[in-house]
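J.: For this one, chain B is given, so just place chain P on it according to the hints.
Number of protein chains: 2
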Amino acid sequence: MTIQASSPYALGLEKNAANFASLSPLPFLEWAAQAAPDHPSLIHGERHYTWAQTYARCRRLASALSRRGIGPGQTVAVMLSNTPEMYECHFGIPMTGAVLNCINTRLDAASVAFILDHGEASLVLTDREFAPTMAVALAMAARKPVVVDVDDSEFRGEGQRLGSLDYEALLAEGDPAFGWSLPADEWDPIALNYTSGTTGDPKGVVFHHRGAYIAALGNNVVWGMPRHPVYLWTLPMFHCNGWCFPWALAAVAATSICLRKVDAAVIYDLIRRHRVTHFCGAPIVHNTILNAPAELRHGIEHKVKAFVAGAAPPAATLAAAEAAGIEITHVYGLTEVYGPATVCVKREAWGEVDPAERARLNGRQGIRYPVVEAATVLDPETMEPVPADGETIGEIMFRGNMTMRGYLKNERATREAFAGGWFHSGDLAVLHPDGYMKVRDRSKDIIISGGENISSLEVEDALYHHPAVLAVGVVARPDPKWGETPCAFIELKEGVEVSEEALVAHCRTLLAGFKVPRTFVFGPLPKTSTGKIQKFVLRDRAKSASAIE
Amino acid sequence: MTIQASSPYALGLEKNAANFASLSPLPFLEWAAQAAPDHPSLIHGERHYTWAQTYARCRRLASALSRRGIGPGQTVAVMLSNTPEMYECHFGIPMTGAVLNCINTRLDAASVAFILDHGEASLVLTDREFAPTMAVALAMAARKPVVVDVDDSEFRGEGQRLGSLDYEALLAEGDPAFGWSLPADEWDPIALNYTSGTTGDPKGVVFHHRGAYIAALGNNVVWGMPRHPVYLWTLPMFHCNGWCFPWALAAVAATSICLRKVDAAVIYDLIRRHRVTHFCGAPIVHNTILNAPAELRHGIEHKVKAFVAGAAPPAATLAAAEAAGIEITHVYGLTEVYGPATVCVKREAWGEVDPAERARLNGRQGIRYPVVEAATVLDPETMEPVPADGETIGEIMFRGNMTMRGYLKNERATREAFAGGWFHSGDLAVLHPDGYMKVRDRSKDIIISGGENISSLEVEDALYHHPAVLAVGVVARPDPKWGETPCAFIELKEGVEVSEEALVAHCRTLLAGFKVPRTFVFGPLPKTSTGKIQKFVLRDRAKSASAIE
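Line by line, the protein sequences give chains B and P.
Reminder that position 362 of the first sequence reads as 362 in the working numbering, one-by-one numbering, no gaps.
One gets the working numbering by counting positions in the second sequence from 1 and adding 549 to each.
Hint data in this document are derived by calculation from the structure and do not stem from the laboratory.
Here the structure is a predicted model, which means the values were calculated and not measured.
Worth double-checking, as some hints may not be accurate.
Keeping only pairs whose Cα atoms sit at most 25 Å apart, straight-line, the calculated SDA-like set for lysine to any residue is [as the list claims (entries may be wrong)]:
1) B:346 - B:324
2) P:810 - P:823
3) B:15 - P:884
4) P:852 - B:301
5) P:564 - B:195
6) B:15 - P:736
7) P:958 - B:10
8) B:303 - P:773
9) B:527 - B:291
10) P:564 - B:335
11) P:1042 - P:1057
12) B:144 - P:556
13) B:305 - P:776
14) B:303 - P:895
15) P:693 - B:10
16) P:895 - B:278
17) B:532 - B:467
18) B:409 - P:556
19) B:15 - P:968
20) B:303 - P:824
21) P:693 - P:714
22) B:305 - B:268
23) P:810 - P:599
24) B:15 - P:731
25) P:693 - P:616
26) P:564 - B:71
27) P:895 - B:226
28) B:481 - B:508
29) B:15 - P:975
30) P:852 - B:229
31) P:895 - B:195
32) B:409 - P:563
33) B:261 - B:291
34) B:409 - P:560
35) P:852 - B:325
36) P:895 - B:48
This is chain B alone, in the form it adopts within the complex (with noise of 0.2 Å):
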C-alpha cells in the first residue's frame, strides 16, 4: 500500500543533509567520548584507558589505515584476542569504509588462509599469540595481505613477530583528530564472519552498518542495560564480533573488562575487583564459572547479569545460576542474524514454580527481539508456520532488519538461506502454546533408531542432570539393527569417576529406554572457540567407538 498522489504527504518533504544520515553504529563511539571522557572504557590488567583516549586512538587507527590506502569495500582481517586493540578494530577499521573481517583464533592454518584469500584481506591485524597459525596461512595464502603486529602486554607466551610494524607503531602513523565520515549508504558493508560450517569452505556472513546499529541497540533494549554498566569479555570477539557487544557498549559508555581467557579464578578476581555487572557467554563458558569452588566467589555481593548463548543451555546450567545469584537471561541466533535475535522474556508467573521447572521454561529460544521484524517456527516445505502445539517441529526462520546482506560471494548459498524470503536457521523447533520457540536439535543432530526420531539435546540435557558430568555430547552411532543408537560422549568433573552403569541408570529415570544411550565415551570434549562442542568431530569418532553389551 501506497500513498496516493493526492495524499498531502506526497510531495515534498525529501531526505537532506539535516534530516537524513546512513544508520552506523560509529557515532556511539563519539557520543561516549563527548558524554564521559574520563568514565574508563577499557580496563586490561594494568592498561585502563578512558573514552576519550579510545575514541582518539580508534580516530589514530582509521587515520593510519587510510593513509595507508585501506578504503570503502576493503577488508582488513584481525586475529585477535579480547583485547583493548580489538575492541579498536571494532571502530576504526569501519571508520575508513573498510569491512572488519574477525578471525577465530581457534582455526586451523589452511581455515586461515581460505578466509584470507577468499575474504580478499589487504590488511592483516595478528596477535603474537597465534603467530604460529598465521605465519603457516600467510605462506599458504595466494594474497600477501600487510601484516601489523599486536604485542599485547597480558600475553605470557612466546609467540614471534610476523610483520612490518607493530599496532602502536601504526597508531603513531594517524591523526587522533582525524575526520571520519558515515558510510555513504547504511547498506554498505561493516563485517565479515566466517561461520565455523561443519562441512565444506567456511561461508562469509555480511553485515551492514544498519544491521549492526540495530543489533546493538537490541542488546541494550532487551537487556535494560543501564548507563555505565561493566562489562566482562568472557565472550569472544571474534565471535558474530561479540555478538554487536562492543558496538552496544560504546551507545552506553559501558566498561569492559577484558579478557584473553576463560578462567573461572581470574573471572571472579575481576567481577569482584571491577564489580563487573553483565558479561555473556556459551553454556560451556557458564559451567566453567559455576563450577568453580565457591570460595572464588567470597566477597561478590553485588548482582551480576549474564546472557547465556550459542547452544541450548542445559537446565541444570539455568538452576546453577539461579543458586548462584547470577540473573541468566537466554538469547538465541546465529551469526547470520548478528548473534542473539530471539530472548527467553522472563514471564512473572515463572516466578512462582520450582526451580526446576522455571529452568525449563527459561531454557527456550523464546521470542524475537523488538527490533527483529519476525521470527517463528516455519513448516520448511509448506512456509506455514507450525500449531502452537509444542510437538510439531518446524524449522526456526527470521526476517527483518537483523538478517546478514548475503555471504559473500556465494550467491548459491545467499539463495538458499534466503528462500522463500526468510533465512532458514537450519534449527528445528516446536512453537509452544505461550507463543515460545524451542530448538529440539539441528536438523543433523536428530538421531533415527528404529524409526523413531531421538533428539540429542534431550538425552544431553538428562546427563547434564548427573552431579558428575561437566560436559557432553551425544550423536548418532550407526547400528546394524536400529540405523541408529545414540552415543554420548562425557567430560566429567575434575576428580570424580562414575561408572556406565550408573548413567544408564541415571538415564532410564529421566528418558524413555530407546533414547538412553547404547555408548559411552569418556574424555576431554573437542570443542570450538566459543564452546561450542563439535559435534561432527564426535559423529566421526562414535563410528569406532563400541557399544555396551
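T.: Frame of chain B; chain P shown alone:
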C-alpha cells in the same frame, strides 16, 4: 566515499524480504503482546488493560478505520486526553498507513479548524471534554471529517457528543486479528504535530516511521529503561506524541498509568499505588509536584526517575527534586526533532560538588542523544561551531535521523529550517568547555537594555531562587530611555506574600544591577497546555505594565 567496482562487496547481496524491512515502531506493540500478554499495558482509574488486550484493541481500531476507507497518506486527527484511547491511536492509526495528528487540547476553535483543514483530516476522534471547542472548530472548518466521540469513563464533566458513532462502537466494527503491515517506505509519515507557534499560522511537523522508531529506542537507551517500567502520563500525549514514549514503552512492555490532569495529590497517590518508576514533564509540572505539601509523599519509598524538558529547568527545581529523592534527567529538544534530542548526561565528578552547583550543571541542555548524528552550537552566519568558551552565543542546530521530514505544505518554512543542511532550532546557546550546550535564550527572548544583552532565563533563574516564587516569566518592556527593561510576571506560592522591594533586593544579590527587573506583575501566568509560559502574552501585557519609581 563509495565502494569501488573491484571490491568483493560491490556486487550482489541486495535487499530482500528476509533481510530488509521498513523501520517502524509498530512491531514493538506486537512484541509486547508476545513477550508479556498478561502484563498490564494501561491503567486508567478502574480500567485495566493487558498487552494482549491493547494489541487486540489497536488491531480492531486499524481494521475498523481501514474498512471506513482510511489508508496510507490520509490524516486522522485526535483531540484526546491522556487516556487508553489516545495510546491506542498511536498504533491503531499508523497501522492503517494513515497519519496520526494529535491536536493540542487547549487550542482555541479557530486554530483547531485551521489544523483540520490544513492537515486534511479525514476522520476526527474527540474527547467529550473538548466538545465545546471541537463543535465550533468543525463548524468553522471547510472540511467535514467523520467524527468519532471518545466517552472516557474517567471524565467527570458534561460535554456533548458530536459524532455519528462512539469509539467503542468503532472498535466493535473491527477485527482483533487484523493483518496490518509495515509502511511501504520507512520514510512514510506516521504523525503530524502542529507547533504552537507564537506568531502566524501553526506549522505541521511531519514525523516518519524511521524517525519514530529511532526516537523511541533512543529514549529507552538514554534512560537505561529496564523491562516493565511503570510510566505515569504527566506529559500530554498530544505534545510531540508524548515525546515518542507511547512507542518507546511498548518496546519494554511498560505499564502506562493514564492521567487526565496534572494534580499533585492525584499524582502522588498514583505513584504510591502503582509504584510508578518513570515520568516526564515540563518544569512547571515538576514544580507543581515538588511544591505540594510534604504529607502527600507519605509512604513513597521507592526511587522515581523523571525527565524534565520543554523549557530550561530553573536550578531551584533541580535542587528541590534532588532533595525529594526524584532522580531528574534534563533533556532538551523540539517538536522538529521528535522531542528530546539532547541529554545532560551526569558526570561522576558532579557527585562531589554542592547541590546548587550540581543543579547548574544538570540544568544545561547537554549533548546529543547517541542516536542523533549531530547536535551543536553553530554561528548561524558562518555555520561554523562556536568556541567552547561558555560565552560565545550561537544557535543550537541538529542533523541526523531524528529530524522531521519538514513542515507540511510549507516549502518556505521547511527550506528556512534546513538552511545549510542543519535544522535551526531557534534557540541561542553557548558551548561550555566540557562540550555541553547551555541555552541562553530564544532569539526573541533576549532583552536589550541600554545596549546590553540580558538573558531573560538568567533573570528567571534568579527569581526562582526566592522561596515565595512558584512560577515566573521575564520579558522585555519597551522603555523610552533604555530601549527595553526586564519586566517580571510572578505567580506566588499559595498563601505567601512578598513585596516588590524584597524581590528587587533578592535579585541584587544574584544579578548585575541592569538585569534586575524594573517592573513586577503578580498573578497567575498564562501557560500553554504543556506548561510553557506564553511569553508572547506577557510581552503584550508588559507594554501596559507600569515600572517601579
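J.: Hint by hint, say whether it matches the structure.
T.: Hints, one by one, checked against the model:
1. B:346 - B:324: The given pair, whose Cα atoms are some 18 Å apart, holds under the 25 Å limit.
2. P:810 - P:823: Cα-Cα ~17 Å, so holds.
3. B:15 - P:884: holds, 18 Å
4. P:852 - B:301: Holds, at roughly 21 Å.
5. P:564 - B:195: At roughly 21 Å apart (the allowed maximum being 25 Å), residue 195 of chain B and residue 564 of chain P satisfy the hint.
6. B:15 - P:736: With Cα atoms ~9 Å apart, residue 15 of chain B and residue 736 of chain P stay inside 25 Å; holds.
7. P:958 - B:10: With Cα atoms ~10 Å apart, residue 958 of chain P and residue 10 of chain B stay inside 25 Å; holds.
8. B:303 - P:773: holds, 17 Å
9. B:527 - B:291: holds, 18 Å
10. P:564 - B:335: Holds - the C-alpha atoms of residue 335 of chain B and residue 564 of chain P are around 18 Å apart, at most 25 Å.
11. P:1042 - P:1057: Distance ~22 Å between residue 1042 of chain P and residue 1057 of chain P Cα, so the pair holds.
12. B:144 - P:556: With Cα atoms ~17 Å apart, residue 144 of chain B and residue 556 of chain P stay inside 25 Å; holds.
13. B:305 - P:776: Since the Cα atoms of residue 305 of chain B and residue 776 of chain P sit roughly 14 Å apart, the hinted pair holds (cutoff 25 Å).
14. B:303 - P:895: holds, 23 Å
15. P:693 - B:10: holds, 22 Å
16. P:895 - B:278: holds, 22 Å
17. B:532 - B:467: holds, 21 Å
18. B:409 - P:556: holds, 11 Å
19. B:15 - P:968: holds, 13 Å
20. B:303 - P:824: With a Cα-Cα distance of about 22 Å, the restraint between residue 303 of chain B and residue 824 of chain P holds, given a limit of 25 Å.
21. P:693 - P:714: holds, 15 Å
22. B:305 - B:268: Given pair residue 305 of chain B, residue 268 of chain B holds - Cα atoms ~14 Å apart, limit 25 Å.
23. P:810 - P:599: Holds, at roughly 23 Å.
24. B:15 - P:731: Distance of about 20 Å is within 25 Å: holds.
25. P:693 - P:616: holds, 19 Å
26. P:564 - B:71: Between residue 564 of chain P and residue 71 of chain B the Cα gap is close to 23 Å, so the pair holds against 25 Å.
27. P:895 - B:226: holds, 13 Å
28. B:481 - B:508: Distance ~21 Å between residue 481 of chain B and residue 508 of chain B Cα, so the pair holds.
29. B:15 - P:975: Satisfied, since the Cα-Cα distance of roughly 21 Å is no more than 25 Å.
30. P:852 - B:229: Judged against 25 Å, a Cα distance of about 19 Å means the pair holds.
31. P:895 - B:195: violated, 41 Å
32. B:409 - P:563: holds, 12 Å
33. B:261 - B:291: Cα-Cα ~17 Å, so holds.
34. B:409 - P:560: The given pair, whose Cα atoms are some 9 Å apart, holds under the 25 Å limit.
35. P:852 - B:325: holds, 23 Å
36. P:895 - B:48: holds, 22 Å
In this structure, only the earlier hint numbered 31 is contradicted, and the remaining ones agree with it.
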